[in-house]
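Taking the hints into account, I'd like the entire structure generated from these sequences.
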Amino acid sequence: MSMAVLYQIGDDGSKAERWEVGNQPIVVGRSGLARVSIEDDGLSRRHFMIARNGKDFVIKDLNSRNGTWVGGCRIFEEKLHHNDSILAGRTQFLFAEPALLSAAEHQSPTGPHGTRIVCAAPKPQADVPEPLAWQEDDSGQPLAAVA
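Numbering (numbering that gives the first Met the number 0), first residue to last: 0 to 146.
Keep in mind that the hints were calculated from the coordinates and are not lab data.
Here a beta-carbon is modelled for each residue, glycine too, at the ideal position from N, C-alpha and C.
Just so you know, nobody snuck in bad clues.
Label-pair restraints from in silico Cβ distances:
1) N52 - D11: 29 to 35 Å
2) R64 - S13: 23 to 29 Å
3) R89 - V4: 18 to 24 Å
4) R44 - E76: 16 to 22 Å
5) S84 - L61: 15 to 21 Å
6) W68 - R44: 17 to 23 Å
7) D11 - N62: 30 to 36 Å
8) R45 - E16: 16 to 22 Å
9) D11 - F75: 26 to 32 Å
10) W18 - N52: 16 to 22 Å
11) S1 - S84: 17 to 23 Å
12) P97 - P24: 14 to 20 Å
13) K14 - G41: 19 to 25 Å
14) H81 - A15: 17 to 23 Å
Taking lysine-lysine and the DSSO-like style, the derived pairs with C-alpha atoms no more than 30 Å apart in a straight line are:
15) K78 - K54
16) K54 - K14
17) K14 - K59
Written out as structure tokens, the structure is:
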């Protein structure tokens with residue numbers, strides 16, 4: 000089965016830390032006993048957990064004091080999707096599924112804060128003929144190709 004990755008996002012928007020999420024649930028919090036221990040006074044000792052549920056991954060808030068937020072919405076239990084943004088305390092995380100991540104790397108590049116960079120379409124080459132247009136008779140039947 001595929002694994003997912005949880006990134007801690009730094010103040011500058013970079014991926015500061017990385018943890019793999021597999022078949023074993025991971026707990027995130029400020030306690031040294033949490034698998035992902037973060038120094039953030041806004042985090043509860045055991046703040047949230049990410050666990051596999053079949054082929055999906057689910058995030059559960061563990062009755063945290065300040066709540067767990069996915070995509071700007073407070074959640075208690077939610078299915079995670081590739082590139083979901085998670086906020087707990089003052090710490091920002093990003094959830095990614097590597098299979099989707101590698102496919103996304105072949106798509107358009109992104110700029111700061113996930114801004115998509117769209118490239119202009121290439122100009123047609125001079126030796127490629129324009130497509131032919133069809134002439135139709137009054138009943139809509141094609142007569143001939145017109146250059």
